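Work the whole structure out from these sequences, hints included.
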Amino acid sequence: MRPGTLPRLLYGTPNRPASYAEHVATFGDLTARADLLDELGRAGLTGRGGAAFPTATKARFIRDQRGHRKFVVVNAMEGEPASHKDALLLATNPHLVLDGAESLARAVGARDVVVAVARDRTTTVEQVTRALTERPDRGIDLELQTPPGRYVAGEESALVHWLDNNESLPQYRAHRPVVLRLEKHPVLLDNCETVAHVGLIARYGADWFASVGAPGQPGSALVSVSGAVEHPTVLEVALGTPLAQILAAAKADPSPRAVLLGGYGGTWLAARDLAVAYDLRSLAERGATPGAGVVVVVGRASCGIRETQRIVAWMANESARQCGPCAFGLPAIAQDLARLRDGGGDARDARRRLEQRCGVIEGRGACRHPDGVVRMVRTALAAFAEDVADHEAGRPCAGARAGATVASVPRLEHERELVWE
Amino acid sequence: MGVIRHGEFVLRVDPVQCDGFGHCHELAPDLVDIDEWGYPIIRREPTPLADHQSLRSARYAVRGCPRQALHIERVEAPAVPPRRA
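Protein chains in written order, with numbering that gives the first Met the number 0: chain A, 0 to 420; chain B, 0 to 84.
A couple of the hints might just be wrong.
Stated by the list, open to error - Label pairs and their computed distance ranges (CB to CB):
{"hint": "1", "chain 1": "A", "residue 1": "D348", "chain 2": "B", "residue 2": "W36", "range": "13 to 21 Å"}
{"hint": "2", "chain 1": "A", "residue 1": "G393", "chain 2": "B", "residue 2": "R4", "range": "54 to 62 Å"}
{"hint": "3", "chain 1": "A", "residue 1": "R15", "chain 2": "B", "residue 2": "I71", "range": "52 to 60 Å"}
{"hint": "4", "chain 1": "B", "residue 1": "Q16", "chain 2": "A", "residue 2": "P135", "range": "30 to 38 Å"}
{"hint": "5", "chain 1": "B", "residue 1": "R4", "chain 2": "A", "residue 2": "V177", "range": "46 to 54 Å"}
{"hint": "6", "chain 1": "B", "residue 1": "G63", "chain 2": "A", "residue 2": "E416", "range": "22 to 30 Å"}
{"hint": "7", "chain 1": "B", "residue 1": "D29", "chain 2": "A", "residue 2": "S254", "range": "51 to 59 Å"}
{"hint": "8", "chain 1": "B", "residue 1": "R43", "chain 2": "A", "residue 2": "E354", "range": "13 to 21 Å"}
Hints are computed from structural coordinates only; laboratory data are not their basis.
Predicted model, so just to flag it, every value in this text is computed and none were measured.
Think of the CB as a built atom: it goes at the ideal place given N, C-alpha and C, for glycine as much as any other residue.
Okay, here's the thing in structure tokens:
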């Protein structure tokens with residue numbers, strides 16, 4: 000593959016999985032390289048699941064753990080309703096992901112690779128199954144597992160706990176970093192897209208990887224754009240691409256009200272902040288992160304508070320209900336947002352309570368689920384400050400009652416319907 | 000006991016274990032506040048181990064927790080004077 004070109008991860012025909020023969024014809028044979036982790040470090044690859052942690056550091060940490068057996072887990076759970084990147088990646092170049100997983104397994108001394116795909120994504124499950132059967136055996140044991148499709152089931156500790164104990168519940172970790180363990184053996188867990196990047200770096204090296212992207216922010220990333228766009232799409236962009244250019248490529252509303260970045264636990268960027276490059280450093284200056292590569296565009300016809308409320312109501316329902324502040328706090332926040340959305344007498348109280356409750360809930364769960372919601376709500380209050388003021392004054396915007404809702408929120412399931420096993 | 004202790008401690012709660020009984024707030028009101036749903040909000044700043052009163056109430060809280068969700072954790076004070084040069 001020539002340096003400096005895109006797409007890389009999505010090379011080929013979208014939604015038609017490349018067979019193994021085609022895959023080798025496009026990308027070439029994968030030869031094991033002894034210095035893979037150094038190469039990953041030199042490439043500056045960071046995790047694409049949301050935390051953007053340096054992949055090489057994490058892999059070295061697991062490599063240096065003692066243990067005669069280790070696991071590599073590929074996290075393709077993709078619980079974000081607005082994210083479709085992992086599904087598209089597995090539907091286009093499944094073998095690239097498996098190559099990356101095998102390379103990582105060799106580098107950290109693991110013999111087993113587990114690919115985790117939510118079981119309600121039946122097409123992806125089929126595609127991965129087919130890829131696994133047609134792949135020649137290369138001494139690493141590859142396996143597909145299908146945990147339930149809950150939002151928190153893709154959280155790393157919840158995923159490993161499901162693999163270990165058949166329960167998709169996040170685990171309390173008093174000290175970090177922590178070594179996740181499957182049958183007491185150390186686990187290296189990486190996002191599906193991250194692993195696919197590893198598959199490319201293992202072939203072409205760090206310099207090739209950095210031939211695309213901004214200085215200090217090398218490489219490309221997958222972005223799922225949805226909301227007020229012509230069609231929801233997944234784009235592969237070079238890091239450092241202006242956000243406006245990404246929005247234009249997705250044919251988004253030319254004058255959006257705001258954009259939700261990162262995911263449903265991400266940050267809202269107001270329209271005035273949209274002149275920003277899409278990379279870690281530039282977004283951090285606006286208090287945002289690329290997160291899991293989710294971009295939701297909210298147009299003038301929609302009400303940002305209503306969108307936030309719908310998302311929070313769903314996120315509250317997706318809580319594993321293990322920790323009190325999350326189990327009780329998130330529904331309370333959703334209720335406050337509903338009052339604010341409807342405007343009128345309670346709105347001012349609701350807003351005050353919202354701010355107070357956000358402060359109370361933050362940092363008190365076993366996982367970061369409540370923290371993400373709090374971040375999203377806080378940035379919503381800032382990004383939609385004028386709308387909030389209108390709602391408080393009893394003049395809710397037109398979109399608050401009727402009109403299009405743009406954030407894709409699945410049906411709210413009853414607590415009894417939620418499957419955790 | 001009876002030893003001059005250097006360093007500081009914090010209380011830590013395992014939020015998964017905690018069911019919001021609220022005993023910790025009763026037993027160590029200085030260290031544990033409580034939210035509107037009855038779950039503990041632990042004071043984040045470390046307390047010196049030399050503060051016997053606080054350490055004792057923290058121990059009461061740990062023992063009094065019906066879910067055994069509380070732990071005392073020692074944190075190193077930033078500047079521990081060396082015992083002998």
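**Item:** Unsatisfied constraints (hint numbers, rising)
**Value:** 4, 5 and 6
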